[in-house]
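Novice: Add chain C to chain E, keeping to what the hints say.
Chains as they are written, first to last, in the working numbering: chain E, 1 to 161; chain C, 1 to 423.
I should point out that these hints are in silico values taken from the structure, not numbers from a laboratory. Honestly, I wouldn't trust all of these hints.
Not the full set, but computed from the structure, chain E residues with beta-carbon under 10 Å of chain C [claimed, not checked]: (1) D61; (2) A79; (3) Q98; (4) T114; (5) D116.
According to the in silico footprint, chain C covers these stretches of chain E (three or more CB under 8 Å from chain C) [claimed, not checked]: (6) 16 to 30; (7) 117 to 127; (8) 146 to 157.
Taking lysine to aspartate or glutamate and the DMTMM-like style, the derived pairs with C-alpha atoms no more than 25 Å apart in a straight line are [unchecked claim]: (9) C:K98 with E:D35; (10) C:K348 with E:D52; (11) C:K227 with E:D44; (12) C:K98 with E:D52; (13) C:K227 with E:D52; (14) C:K56 with E:D52; (15) C:K56 with E:D44; (16) C:K274 with E:D44; (17) C:K348 with E:D48.
These numbers were taken from a predicted model, which means no experiment stands behind them. C-beta atoms are modelled at their ideal positions from N, C-alpha and C, and glycine is treated no differently.
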Amino acid sequence: MHAIARTEVEDFLFAEAELLDEWRLPEWLELFTDDAIYYVPATDLAVDASPDNNLFYVADDRFRLSERVKRLMKRTAHAEFPHSRTRHLVSNVRIRKQIGDDLEVSSAFITYRTKDGVTDTYFGSNRYRLVPSAGTFRIKEKRCLLDSEGLRAQGRVSIIL
Amino acid sequence: MNAFQRMNTALMVDESRKIFKVSRQAFVDPDILEAERTRIFDKCWLYLGHSSELAKPGDFVTRQVGGRNILFARDSKGNLKAMLNTCPHRGAQVCREKHGSAKSFQCFYHGWVFGLDGRLRSQPGETSYAEDFKERSPSNMQQVPRFESYRDFNFICFDKGVESLADYLGPVREYLEVICDQAETGMTIVGGTQEYSMRANWKLLTENSIDGYHALTTHATYLDYLKSATGALAQVAFEGSARDLGKGHAVLEYKAPWGRPVAQWIPSWGEEGKRELSRLYDGLLTRFGKERADRIATFNRNLFIFPNLVINDIMAVTVRTYYPAAPDFMNISAWALAPREETEWARKYRLFNFLEFLGPGGFATPDDVEALEQCQRGFRNSAEAQWNDISKGMGKENPSYDDELQMRAFWSNWNEHVFRVPA
Chain E
1 MHAIARTEVE DFLFAEAELL DEWRLPEWLE LFTDDAIYYV PATDLAVDAS PDNNLFYVAD
61 DRFRLSERVK RLMKRTAHAE FPHSRTRHLV SNVRIRKQIG DDLEVSSAFI TYRTKDGVTD
121 TYFGSNRYRL VPSAGTFRIK EKRCLLDSEG LRAQGRVSII L
Chain C
1 MNAFQRMNTA LMVDESRKIF KVSRQAFVDP DILEAERTRI FDKCWLYLGH SSELAKPGDF
61 VTRQVGGRNI LFARDSKGNL KAMLNTCPHR GAQVCREKHG SAKSFQCFYH GWVFGLDGRL
121 RSQPGETSYA EDFKERSPSN MQQVPRFESY RDFNFICFDK GVESLADYLG PVREYLEVIC
181 DQAETGMTIV GGTQEYSMRA NWKLLTENSI DGYHALTTHA TYLDYLKSAT GALAQVAFEG
241 SARDLGKGHA VLEYKAPWGR PVAQWIPSWG EEGKRELSRL YDGLLTRFGK ERADRIATFN
301 RNLFIFPNLV INDIMAVTVR TYYPAAPDFM NISAWALAPR EETEWARKYR LFNFLEFLGP
361 GGFATPDDVE ALEQCQRGFR NSAEAQWNDI SKGMGKENPS YDDELQMRAF WSNWNEHVFR
421 VPA
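Next up, chain E with everything else stripped away, as it sits in the complex (with noise of 0.2 Å):
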């Protein structure tokens, strides 16, 4: 197994933020493992709380995660109905660890969400588990870390971060 440059996994991570800002949900999910987990903690909690006894945003497994984004497809999903726009920047990508094959791998995160003359801005860093798979990579945890103090104005995570 060759080492994995930084660049590859930028190139994954810039891939990945298009198909969220695009709404390719669907495609977006495919990137995950079948055991993946999706984590947004409360800001208020140590980085590395378990939601098994801590309350987060979000926390997600792979069927919930899926049944979001069949969620965010629909007109009744009023909270992004129509979609907002959305951008999604990518910074300061790091591998930080290899643990077998896997990847521990962070970045820091823009994301701009805009709908009805609103913008908001989302802002932390993110801390993903990442399987090599095919030449490219799937992801096995991603942990979003918002920077803010709780989701003052945002009010909401009703877009993927």
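Specialist: Chain C alone, transformed into the frame defined by chain E:
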């Protein structure tokens, strides 16, 4: 003379014709907000926090309540203290952390040090002060005018002459009992606060929190989700009633098909869940008998405590309070409440359930946020389109959980506060 002073009510009510309307001006007018500050938030009991948040001496949280900055701490004797978070010297906020544990509090501006109970311990240059300076009560951090608790829910009031908390709550107490009795050794706030906001008037969230009418349309995708998840539904229909609890308080009590960690089993919780829930139910049966056990286990409660506290005992238990920052903006804080001692399984599934529906990342709350913000946008037309209608279920002997009795209870009391002629 402004528009508010010309009004003497925001309601149009005619019982015989089943008319109950609320002026949309109540959601947009800055003068109304000012009246709410002085006549409601300065006069009513307001929720400060739960005793479990301060588990041991020295624990503290800081929070905004009714526009004030409050320092809520457990002193070295274990007593809870609610103090105005401002230095008696020159006014700076003394504690600047959101939560933590401390031995004392120091104002960094000039270095005054206060005990956990707010008493002045030392200040640099003591010899330049009067000899009895530290014994004078104005030298200490000021306690809130009134501070009382009920079943570990702590409330404060800025009106010294207010009735006792127990009297203020009245029949609300019975519902707090039912909610708290699900735990044998008391309830606790789980770690993690959901703090969010809405670009909407705060009273819209009062209405929304006790609105059984909007679920089928606003939360269509949540109900779709329950249907598509294998075994996520119990064979139970939505059914129940609403009750006006006086003084603006109200409650819905009803059955619903979602799983309840105490104790309505759904197939997706499997055999392990079934065993756990029947153990919990048997415990309730032993402690309270069948009728009360069934009420605790299988009925949901959306409890509203005037003016801005919601305790919803639904697919999980949430405590939620919210304040206006402007007529069209509110800040919300929400917590998960759970039995202090519960199994890992129960805590995990409770929180999993919570996030399914509740909070700004759930499958339901974001759509509530959208609905309330869309109402606020609609109110831009309030000069012409002047009235909200909340007449559903008027005249019924037993209003249903999806009628609007509970909103009329809130608004009637709100109106009385805001338009009461000062004595």
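Novice: Sort out which numbered hints this structure fails and list those numbers smallest first.
Specialist: 3, 4, 6, 7, 9, 11, 16
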